[in-house]
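Undergrad: One letter stands for each residue in the lines below.
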Amino acid sequence: MAEQLYQRDVYGKTLIELGKARPDIVVFDADLSSSTRTGVFAKEFPERFFNFGVAEQNMMATAAGMASCGKTVFVSTFAIFATGRAWDQVRNSVSYSNFNIKIVATHAGITVGPDGASHQALEDISLMRVIPNMNIIVPCDGPQTKEAISACAATPGPFYVRLSRPRIPTIENKGEFKLGKAQVLREGKDVTLIACGLMVATALEAAANLAAKGIQARVVNIHTIRPLDAEAIRQSARLTKGIVVCEEHTVTGGLASSVDEVVAESCPTRVVRVGVKNRYGQSGEPQDLLKEYNLTSLDIEKAARAVIA
Amino acid sequence: MTEIRELQEKAKQIRRLIVQMLAEAGSGHPGGSLSSADLITALFFSVLRHNPKEPSWPQRDRFHMSKGHCCPLWYAVLAESGYFPLERLLTLRKMGSMLQGHPDRRTPGVEVASGSLGQGLSVALGMSLAARIDKLDYRVYVLLGDGESQEGNVWEAAMAASHYACDNLCAIIDYNGFQIDGRTCDVMNLEPLAQKWQAFGWHTIEIDGHDMQQIVEAYKEAQGIKGKPSVIIARTIKGKGVSFMENVVDFHGRAPTKEEAQKALQELR
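Chains as they are written, first to last, in this note's numbering: chain A, 1 to 309; chain B, 1 to 269.
Pulled out of the complex, with its shape left as it was, chain B reads as follows:
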């Protein structure tokens, strides 16, 4: 189980980077970046078939972050994988930076812009269907938010991916239970979420999104499913890893101050 321990350590490092870059930027979205950090760390460092030295390798697995506001996480795993130097992370959200407040193609490793919610599952569907035309065996992963799942476009895409039996497609839902205006169950209830996806024809896997063992196994299970797309519905804690950010809705879209960042980094040692 050294792999699991290594991934846990890596996730901690990714969380540190997220806190550092957001504190330096002075704005951005820590809550959802931290809640999906374990899911995406596992994906990038144990699942994804990719080569940072050859970002346009045709056989690469694709990853797309539909909830684009959590790009600090995306940028952190890209930099840590070697797509660009780590020190670039401190340019997040600054004028002229290749790390925009919401992702676009100027960042190496980002294939399609995102930020306007609800479109990313469609983007992933397009990548999945392209693999079919080109007879390539790559897989496509896409991270969605729970609040984002209130967008109608998500369900149009869910219907189409099932219709086209896209078994190379795996959606990951960061179900942290919060959105800007409060708890998702109060703002716009998503439940029963797993049943919705099942009704749309998806294979659903429900896990604890902070249990590295469960995460790795969920990706493996999804890889084995044939004839339909898979969705991993991961129960997570918004702001996970930093005690004073956990389940605090204010940290959806507020960066930590320099002092808060210091405290957070101590906790993430």
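Looking at chain A on its own, in the form it has when it is part of the complex:
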């Protein structure tokens, strides 16, 4: 059994390390610091932590003012509020001015679980991807969360980092993390499975099952959705018969759309999308919800067969 970590635990710990090394790091939260784990930073550096209460719009625009004074501001809340509630503040105050503001949102996707549809962000990647200047990272596990947070702290400009609520399995031997560079986790000549976030582990599981049935699947982790590694997508289109995109997110506007755009423009091939299709989420346990919304390894296998059929 692989190690299972909360990405948010890793985020909190990484923030403390960054806070020690960098006096310009400031952290904001909106009444969710125990859930997002920014609370551990607050304890260590109370003078560099600000809680804004349940007022995400104010928090986001305040980050812009703070960043204009030379600070690197990490802003955290749940994904639905960071990207939906405060979208105009992100667009006009944060990203337009190209500030060093790192929006690290937790509780993304259907696996928020029992809280239900209002809290399950299924459109956050889309909302951030349409904003110029914005960089987007969706780390696939705990250790990659640390790499993502460190990378965005070290890279100028606005970032959106998408984290999950539940523990997720650690993926071994991913190789070096480079911003904007996809990771090929498994080679295969028949079909490519492109995934991000917790769907990477599911895609690997699907690839192993497919191998047992004689289908060789290539697995690519696109952790950076912006800037996108278009070459990795083109390469997959060349090397295999088609692509399955797997994301715990709506199939409109997120990773699947990113892949579709590259494929349609420069390397036409068959793409099948495994994601949420024109639906709100609902209450339930994460594993049951993943089944209900067709986000399991079985669903990926089915899609892979459809691609090469």
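Hints in this document: simulated from the structure, not taken from any laboratory. Since this is a predicted model, take the numbers as computed values, not measurements. No residue lacks a Cβ here, since even glycine has one placed at the ideal position from N, Cα and C. Don't take every hint at face value.
Stated by the list, open to error - Partner residues aside, some chain B positions facing chain A, computed with beta carbon under 8 angstroms:
#, residue
1, Gln119
2, Leu125
3, Pro192
4, Leu193
As the list claims (entries may be wrong) - As a list, the in silico SDA-like pairs of lysine to any residue whose alpha-carbon atoms are at most 25 angstroms apart:
#, chain 1, residue 1, chain 2, residue 2
5, B, Lys135, A, Leu298
6, B, Lys226, B, Val187
7, B, Lys53, A, Gly70
We have chain A already, so just place chain B on it with the hints.
TA: Leaving out everything else, chain B in the frame of chain A:
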């Protein structure tokens, strides 16, 4: 009182620039630019600690214009202070200009983009809290519109600035009583406005926003307030200084024609 007279003259010059640049641009927002001209002229030429030759001097006082559509005023005081040459003002709203229709960081002296209403008090709050972290004694000033105060984000920021006892923060409300669709009291009543700010924990100063003496004293009073932020609620006249623009809602968002500008400049001599 030579200072007051000088500021009044300066404000007249700023109003002339506003009229000239808007007429040249052929579009833009004269009403609110003119109504807050005295407030912002006094701020830039008698209150603000800044150095146009060193725009990123860490100790500088900050100014942010939350009601970004009144940027002709902002651009005029920046140019008149020496942040960029005056002749640039005539490029307002033109393709490739550093003077956009609503402000952004390509203009020297503009620190954060604005234009989408309701966000500027939060921006100023961020600047105020940064001073606390850096142990700097600069002050932060932000201009808001009255119509803008209908945005919920303003009140989120008002609550937070009071919570964090930001006494280096001073908001200025250009209370000209008009917004695009008519009188604020008809479109969405703001009253009782001063009591609202008091209830949010702010020190409130109510003045005539065209009385230079009152304006200068209000800034001084705000500087002396400890433990809470201050708001100057300035009663103003939309389009102030140009008779045919005063209290005419049409001039919220319509530039004067070349002829109207000529007439206006005569009045502003």
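Undergrad: Would you list, in rising numerical order, the hints stated earlier that this structure does not obey?
TA: 3, 4, 5 and 6
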